[in-house]
Amino acid sequence: GAVVSQHPSWVICKSGTSVKIECRSLDFQATTMFWYRQFPKQSLMLMATSNEGSKATYEQGVEKDKFLINHASLTLSTLTVTSAHPEDSSFYICSALASGRAHEQFFGPGTRLTVL
Amino acid sequence: ELKVEQNPLFLSMQEGKNYTIYCNYSTTSDRLYWYRQDPGKSLESLFVLLSNGAVKQEGRLMASLDTKARLSTLHITAAVHDLSATYFCAVDSGGSNYKLTFGKGTLLTVNP
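Residue numbers (the working numbering), protein chains in the order written: chain L, 1 to 116; chain A, 1 to 112.
Be aware that a few hints might be false.
Some chain L residues well away from chain A (every beta-carbon gap over 10 angstroms; in silico) [unchecked claim]:
| no. | residue |
| --- | --- |
| 1 | Arg24 |
| 2 | Asp27 |
| 3 | Phe28 |
| 4 | Gln42 |
| 5 | Gly61 |
| 6 | Phe67 |
| 7 | Asn70 |
Now the stretches of chain L that chain A is said to cover, found in silico as 3 or more residues with beta-carbon under 8 angstroms [to be verified]:
| no. | stretch |
| --- | --- |
| 8 | 43-49 |
| 9 | 103-111 |
Okay, the calculated beta carbon distance ranges per label pair [to be verified]:
| no. | chain 1 | residue 1 | chain 2 | residue 2 | range |
| --- | --- | --- | --- | --- | --- |
| 10 | L | Gly16 | A | Thr77 | 50 to 60 angstroms |
| 11 | L | Met45 | A | Arg60 | 38 to 48 angstroms |
| 12 | A | Glu44 | L | Thr80 | 21 to 31 angstroms |
| 13 | L | Thr82 | A | Gly40 | 21 to 31 angstroms |
| 14 | A | Pro39 | L | Gln29 | 30 to 40 angstroms |
By construction, these hints were calculated from the structure, which means they are not laboratory data.
Note that the Cβ used here is the ideal one computed from N, Cα and C, for glycine as well.
Can you make the complete structure from the sequences, with help from the hints?
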């Protein structure tokens with residue numbers, strides 16, 4: 001149990017376009033999901049906390065107008081990278097808190113974004 | 001601001017040897033996690049440590065937590081090549097928001 005999926009697993013786009021990444025909890029409900037980014041050979045950095053039915057909370061330094069997060073249901077959160085630029089190329093990973101198992105985050109498989 | 005320090009950042013060891021990875025953190029917390037990451041992959045949960053003195057073991061890996069010292073260790077016993085990966089510790093900031101702060105990771109290479 002506690003499986004999290006992400007789609008797409010990889011995406012290549014042109015500079016200036018927008019890309020949407022989906023994060024789904026497949027067998028549990030997640031009132032809270034998190035979005036991380038990871039640059040090569042670096043650690044994970046929390047970008048934002050996504051709560052179902054409310055606005056996301058962004059970490060300091062993360063542009064909320066550039067990284068749009070929507071958590072429309074208990075099983076789906078989306079991250080849209082708007083007007084992507086090469087510096088946005090990264091590995092984006094989501095995680096979900098399972099209701100009733102609130103001490104553990106379950107991580108998705110990640111989405112590798114390359115902006116040309 | 002919660003800070004999490006791992007050491008060493010790089011660890012090259014021979015098969016059959018033992019070693020320990022250390023994770024220090026800066027503020028009070030009693031929720032600490034260890035993850036494994038293989039190249040190009042996401043995180044695999046190894047251990048969830050939720051109280052002072054917690055000790056968990058799985059195969060050749062054993063993790064412990066000392067909340068008073070703000071220290072967790074990941075001990076590797078009789079390393080094998082399959083353990084080669086990057087290992088991260090992460091600390092929960094506490095309260096009800098469950099935000100994780102990650103260490104920089106330890107790149108472990110086990111040589112035959």
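Structure-based check of all given hints:
Even its closest Cβ contact with chain A, about 14 angstroms, leaves Arg24(L) beyond 10 angstroms, as expected for a residue assigned away from the interface. Residue placement check: Asp27(L) keeps its beta carbon more than 10 angstroms from all beta carbons of chain A (closest about 16 angstroms). For Phe28(L), the condition that its CB be more than 10 angstroms from all CB atoms of chain A holds, with the nearest at approximately 15 angstroms. The claim that Gln42(L) is not at the interface with chain A is violated, since a C-beta of that chain comes within 10 angstroms of its own (minimum 8 angstroms).
At roughly 13 angstroms, the least C-beta separation between Gly61(L) and chain A is larger than 10 angstroms, which holds for a residue marked as non-interface. For Phe67(L), the requirement that its beta carbon stay farther than 10 angstroms from each beta carbon of chain A is met, with the minimum near 16 angstroms. Here Asn70(L) stays apart from chain A, with its beta-carbon at least about 19 angstroms from theirs, past the 10 angstroms limit. Against chain A, the stretch 43-49 of chain L contributes 5 residues with a C-beta closer than 8 angstroms to a partner C-beta. That satisfies the three-residue criterion, and the hint holds.
Look at the stretch 103-111 of chain L against chain A: 8 of its residues bring a Cβ nearer than 8 angstroms to a Cβ of that chain, three or more, so the hint holds. In this structure the hint that Gly16(L) and Thr77(A) lie 50 to 60 angstroms apart at CB holds, the actual value being about 52 angstroms. The hinted range of 38 to 48 angstroms is not satisfied by Met45(L) and Arg60(A), whose Cβ atoms lie roughly 30 angstroms apart. The hinted range of 21 to 31 angstroms is satisfied by Glu44(A) and Thr80(L), whose Cβ atoms lie roughly 27 angstroms apart.
Between Thr82(L) and Gly40(A) the beta carbons are some 26 angstroms apart, a value that agrees with the proposed interval 21 to 31 angstroms. Evaluation of the 30 to 40 angstroms hint for Pro39(A) and Gln29(L) yields a pass: the beta carbon distance comes to about 32 angstroms.
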